[in-house]
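Asker: Chain by chain, the residues:
Protein chains: 2
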Amino acid sequence: MTRLSVVNLVRLGSRTASPLYRNPARALHTSVCMNSSHRKAGFKPEKVAVVTKTTRYEFEQQRYRYAGLTEEDLKHLLAMKGSSYSGLLERHKIHTNNVEHIVKSLRREGIDVRVVKRGEYDDEVVRWADAIISAGGDGTMLLVASKVLSKDKPVVGVNTDPERSEGHLCLPVRYTRAFPEALAKLFRGEFRWLWRQRIRLYLEGTGINPTPMDLHEQQLSLEQHSQAHRITITDSQRSNGTGILHESNSKPSLLPVRSLNEIFIGESLSSSTHRGISVHHRVKLKSFKQHVNLLLHRASYYEISVDDGPWEKQKSSGLSICTGTGSRAWSYNINKLAEQSVEEILKIGKSKTGFDIPLNREFVEKVTEEYIESLVFSPDDRHMFYSIREPIVNRVFSSSRQRGFASKVCVRSRCWDACMVVDGGTSFEFNDGAIATISMIEEDQLRTVVLEN
Amino acid sequence: MTRLSVVNLVRLGSRTASPLYRNPARALHTSVCMNSSHRKAGFKPEKVAVVTKTTRYEFEQQRYRYAGLTEEDLKHLLAMKGSSYSGLLERHKIHTNNVEHIVKSLRREGIDVRVVKRGEYDDEVVRWADAIISAGGDGTMLLVASKVLSKDKPVVGVNTDPERSEGHLCLPVRYTRAFPEALAKLFRGEFRWLWRQRIRLYLEGTGINPTPMDLHEQQLSLEQHSQAHRITITDSQRSNGTGILHESNSKPSLLPVRSLNEIFIGESLSSSTHRGISVHHRVKLKSFKQHVNLLLHRASYYEISVDDGPWEKQKSSGLSICTGTGSRAWSYNINKLAEQSVEEILKIGKSKTGFDIPLNREFVEKVTEEYIESLVFSPDDRHMFYSIREPIVNRVFSSSRQRGFASKVCVRSRCWDACMVVDGGTSFEFNDGAIATISMIEEDQLRTVVLEN
Numbered sequence: 001m002t003r004l005s006v007v008n009l010v011r012l013g014s015r016t017a018s019p020l021y022r023n024p025a026r027a028l029h030t031s032v033c034m035n036s037s038h039r040k041a042g043f044k045p046e047k048v049a050v051v052t053k054t055t056r057y058e059f060e061q062q063r064y065r066y067a068g069l070t071e072e073d074l075k076h077l078l079a080m081k082g083s084s085y086s087g088l089l090e091r092h093k094i095h096t097n098n099v100e101h102i103v104k105s106l107r108r109e110g111i112d113v114r115v116v117k118r119g120e121y122d123d124e125v126v127r128w129a130d131a132i133i134s135a136g137g138d139g140t141m142l143l144v145a146s147k148v149l150s151k152d153k154p155v156v157g158v159n160t161d162p163e164r165s166e167g168h169l170c171l172p173v174r175y176t177r178a179f180p181e182a183l184a185k186l187f188r189g190e191f192r193w194l195w196r197q198r199i200r201l202y203l204e205g206t207g208i209n210p211t212p213m214d215l216h217e218q219q220l221s222l223e224q225h226s227q228a229h230r231i232t233i234t235d236s237q238r239s240n241g242t243g244i245l246h247e248s249n250s251k252p253s254l255l256p257v258r259s260l261n262e263i264f265i266g267e268s269l270s271s272s273t274h275r276g277i278s279v280h281h282r283v284k285l286k287s288f289k290q291h292v293n294l295l296l297h298r299a300s301y302y303e304i305s306v307d308d309g310p311w312e313k314q315k316s317s318g319l320s321i322c323t324g325t326g327s328r329a330w331s332y333n334i335n336k337l338a339e340q341s342v343e344e345i346l347k348i349g350k351s352k353t354g355f356d357i358p359l360n361r362e363f364v365e366k367v368t369e370e371y372i373e374s375l376v377f378s379p380d381d382r383h384m385f386y387s388i389r390e391p392i393v394n395r396v397f398s399s400s401r402q403r404g405f406a407s408k409v410c411v412r413s414r415c416w417d418a419c420m421v422v423d424g425g426t427s428f429e430f431n432d433g434a435i436a437t438i439s440m441i442e443e444d445q446l447r448t449v450v451l452e453n
Numbered sequence: 001m002t003r004l005s006v007v008n009l010v011r012l013g014s015r016t017a018s019p020l021y022r023n024p025a026r027a028l029h030t031s032v033c034m035n036s037s038h039r040k041a042g043f044k045p046e047k048v049a050v051v052t053k054t055t056r057y058e059f060e061q062q063r064y065r066y067a068g069l070t071e072e073d074l075k076h077l078l079a080m081k082g083s084s085y086s087g088l089l090e091r092h093k094i095h096t097n098n099v100e101h102i103v104k105s106l107r108r109e110g111i112d113v114r115v116v117k118r119g120e121y122d123d124e125v126v127r128w129a130d131a132i133i134s135a136g137g138d139g140t141m142l143l144v145a146s147k148v149l150s151k152d153k154p155v156v157g158v159n160t161d162p163e164r165s166e167g168h169l170c171l172p173v174r175y176t177r178a179f180p181e182a183l184a185k186l187f188r189g190e191f192r193w194l195w196r197q198r199i200r201l202y203l204e205g206t207g208i209n210p211t212p213m214d215l216h217e218q219q220l221s222l223e224q225h226s227q228a229h230r231i232t233i234t235d236s237q238r239s240n241g242t243g244i245l246h247e248s249n250s251k252p253s254l255l256p257v258r259s260l261n262e263i264f265i266g267e268s269l270s271s272s273t274h275r276g277i278s279v280h281h282r283v284k285l286k287s288f289k290q291h292v293n294l295l296l297h298r299a300s301y302y303e304i305s306v307d308d309g310p311w312e313k314q315k316s317s318g319l320s321i322c323t324g325t326g327s328r329a330w331s332y333n334i335n336k337l338a339e340q341s342v343e344e345i346l347k348i349g350k351s352k353t354g355f356d357i358p359l360n361r362e363f364v365e366k367v368t369e370e371y372i373e374s375l376v377f378s379p380d381d382r383h384m385f386y387s388i389r390e391p392i393v394n395r396v397f398s399s400s401r402q403r404g405f406a407s408k409v410c411v412r413s414r415c416w417d418a419c420m421v422v423d424g425g426t427s428f429e430f431n432d433g434a435i436a437t438i439s440m441i442e443e444d445q446l447r448t449v450v451l452e453n
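Residue numbers (the working numbering), protein chains in the order written: chain A, 1 to 453; chain B, 1 to 453.
Think of the hints as simulated: they come from the structure by calculation, not from any bench.
Just so you know, these numbers come straight off a predicted model, no measurement behind them.
Hints may contain errors.
Each pair may be met inside one copy or between any two copies, as identical chains are not told apart.
As the list claims (entries may be wrong) - Once the Cα atoms are required to be at most 30 Å apart in a straight line, the calculated DSSO-like pairs of lysine-lysine come out as: (1) Lys104 with Lys117; (2) Lys251 with Lys147; (3) Lys336 with Lys313; (4) Lys336 with Lys347; (5) Lys315 with Lys75; (6) Lys313 with Lys93; (7) Lys336 with Lys408; (8) Lys75 with Lys313; (9) Lys315 with Lys366.
Isolated chain A (complex conformation):
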């Protein structure tokens, strides 16, 4: 198949072309590696959705407009808090200018563009588009990815505020103001597809779930608990004496999400109407609202089995299971060590060996760097990396390994009020008795772009 015909196939729109396109593209990609006389197929979508973030300026504006304040009031309010109105406005302008640049560049190439705000982005937009551009930062990319469940729909991230946003999931920052260059490379095939592996979740055993509180030892008074907790018992159940015994959800159900970064499992910090009430109180001025929280630092209890291994009871601050993409995100922060800690370990180690090991700053930096690098892996690796955050080891609980790779992780909740959080943005209840099965399959990949330099 010649390059021209592949390009034509693509221009028909990905729905028609994709089954055929996917294989040839990959075949071509592979053959580029083997034989440089074959050129990689270019990619020129006909319809592109550009999903934009909401800037803080827009948010503040909306919020205070709602509250009836003027723009002047907004300025003063922000100044009083030590924030800068002009700073917010500037960042907002940078973002909107960059979005405009992207949109113009696309339209100049005859591409049909829809600009969609975060709140308007939905399945219909995903179906319409041949490709989706995320115009914002990593958070916007996560949002965009969350509605793309197919591995065929390309998603490209552009970092619209490089000074404020890390943009790990976005194109290199130089393309932000030089987007036509990025487009040219796409059209010419000077890029490669990066199929980022994602995580899927099955959940079972969530039948009756009355959100009880953790009684561990910090407890609310019973009166407060009573108000906060209810279980739903139908009248028919009450009257026919069957009680509440039947399990409703006993088969594992596949959750309608795919995680691009990580799944995090842990006790959440609130869940009661009590806390809801205290929010209203907090808005009042001139008083310290000493609102009693439900053990903000609450340990998570669960059982874990890695790659169908033996179940192990654990107690910790939570459990992270990440992808290669996510190994640079929250998991990275959980696991990395500061030079200060590395230095202390090396010092103690040195003192116990009797060797005269030179422990200068450079040495410590190098060891730290190598340690940290071992925490990240490739986004297209079909492995997951699990980490136990702040494990609590005592007479009852132990952990054999604090972290490692896995193809499959099963977790059984023994928590009172926990969640499974997907990519830091969506959460599912995960309470006592529920079992999550966490794995990766090829079909769940997200198709993204890496531009060749």
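Position chain B relative to chain A; hints supplied.
Answerer: Chain B only, in chain A's frame:
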């Protein structure tokens, strides 16, 4: 002063005796160290309050009684969740038996005892008692301590469920079933006072505080935000055009708490009515409630100054400032390292030195142990230990030291929805612009007992 007269002074009740008692006891204690012919004054309180925890069994009972279930239903419900009714009942009985044992032992000595449930414990009980016994675990001790602001009122912890509770703050477990032995030692002076240093908090700059959300990049739709946020503007402010400019709380105010373990500062995970609503929904059966949370993993932004040093901007998962007592609690879990991590560092270090260092399991264990031991310090040390949890280091944020000792720590919040959490149980709003000054003074100590073995 002879021993007898000191004991008589004490028996008058601590209110009368304490100014005089305190100094002689300490003087005597000091002189015991110097000259063993002086005996330490015994301690025999006339009135003792015993504050008891609520067991999980009691809690479940109350909750389901409220919901109209029978004891049989309770059994089945718990069984279905994989929990054990008989297990809960057994733990409950162990606790109540231990409480009875304590109370009987006290009364047998002619001491006036009031048994007070957690929910009934208040300032009046504290004033009434010459000494307070916490009958539960560490959580109950924290509760008991939280209402004792004076350094004169002795607090003693007894671990009523040694198999389930660590009881770091309690007497050694063997006294749980042999409480008369503990009492005998107290009467004979075979103990020492341990004045545990506690932390005090000043807060300022909390004027206007409309609990905004973090827009960082993961954002709710504006509609959801609008409902969740309100600021309070009085009508007179609106009409007289002064807007909302005046700072209400500009002088630092001393908060009415003393921290026995630690202060933890960080972004909280929810604060909106939205989440409050989702709680009600979560009680329904048979559906996955995909409730959108507000960035459960949200970085905390703040500025920190240690011992009046230069201000440093930081971004992390939160900041812990602990006492010597607390150095064995949450701070310990934040900072400790697993053998797996220590081993990896030593391996990398070894590979870079070229030395032939034997890295066997025993060596790794020893290094890990020494590292971990460096994290704890004495409860009567008038120092605080600050730790930055999961620091995020990038172009903008840096941290010179991840942890260290301090006499004073100032933190300025740049957070959107953060709290200062005291001993994992009480929290204060700590949002953008607020400044906390964190320190220790002698007057805030908690008087506890260490029995000599």
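Asker: Now tell me if each hint is right for this structure.
Answerer: Cross-check of the supplied hints:
| no. | hint | result |
| --- | --- | --- |
| 1 | Lys104 with Lys117 | within (17 Å within a copy, 69 Å between copies) |
| 2 | Lys251 with Lys147 | within (25 Å within a copy, 49 Å between copies) |
| 3 | Lys336 with Lys313 | both (25 Å within a copy, 20 Å between copies) |
| 4 | Lys336 with Lys347 | both (19 Å within a copy, 16 Å between copies) |
| 5 | Lys315 with Lys75 | between (47 Å within a copy, 25 Å between copies) |
| 6 | Lys313 with Lys93 | between (51 Å within a copy, 25 Å between copies) |
| 7 | Lys336 with Lys408 | both (23 Å within a copy, 27 Å between copies) |
| 8 | Lys75 with Lys313 | between (53 Å within a copy, 23 Å between copies) |
| 9 | Lys315 with Lys366 | between (33 Å within a copy, 24 Å between copies) |
In terms of the numbered hints stated before, the structure departs from none.
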